[in-house]
Amino acid sequence: MPMRKLKNIIISILTISYLVVVLGLIDDKSHNLPCKLIRVNILDSLEQGFVTGEDILSVIQDRQKKILGYPVGGINTDKMENLLNAIPSIKSAEIYKTIDGALNINVVQRKPILRIFYRNRQNYYIDSEGEIIPLS
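Using my numbering, read the sequence shown as starting at 4 and increasing by one per residue.
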């Protein structure tokens with residue numbers, strides 16, 4: 004009985020070790036993989052029309068000139084998310100990399116509920132959370 008238990012423990016340790024090594028190799032290869040595709044998903048694009056996919060790509064490519072072909076591991080998604088979240092018409096942005104070399108950008112726009120008109124001043128929207136959205 005103790006021999007069978009020891010055998011099961013050894014097999015379990017070897018299996019876990021194998022999985023750790025394999026996952027480490029996969030992560031290393033995907034880290035050096037060049038970015039092949041940028042997918043921009045504006046999740047509420049049918050409801051709001053403040054931001055387009057081209058706008059998002061333009062903002063990101065102004066900061067980091069060459070994304071396509073650049074190693075996926077070297078792309079700073081946190082910095083890109085902060086850049087997009089600073090745009091007043093964007094409520095939230097999530098950017099993540101996939102194992103096949105794609106960069107996915109998911110954006111949720113703010114929902115305006117009121118437009119403010121001023122004479123001789125800048126007009127703006129107010130969204131459902133009370134945030135000000137300047138007119139483009």
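I should point out that these hints are in silico values taken from the structure, not numbers from a laboratory.
Cβ coordinates follow ideal geometry from the N, Cα and C atoms, glycine included.
Mixed in with the good hints there might be a few duds.
[As the list claims (entries may be wrong)] Mimicking DSSO-like on lysine-lysine, the simulated pairs with C-alpha atoms at most 27 angstroms apart in a straight line are:
| id | residue 1 | residue 2 |
| --- | --- | --- |
| 1 | 82 | 100 |
| 2 | 68 | 39 |
| 3 | 69 | 100 |
| 4 | 94 | 69 |
| 5 | 8 | 39 |
| 6 | 100 | 68 |
| 7 | 94 | 114 |
| 8 | 69 | 82 |
| 9 | 82 | 94 |
| 10 | 39 | 10 |
| 11 | 82 | 68 |
| 12 | 94 | 68 |
| 13 | 114 | 39 |
| 14 | 114 | 68 |
[Claimed, not checked] Label-pair distances were calculated between CB atoms; the ranges are:
| id | residue 1 | residue 2 | range |
| --- | --- | --- | --- |
| 15 | 5 | 105 | 36 to 44 angstroms |
| 16 | 56 | 89 | 17 to 25 angstroms |
| 17 | 76 | 135 | 17 to 25 angstroms |
Return the numbers of the hints above that this structure violates; sort them in rising order.
5, 10, 13, 14, 15, 17
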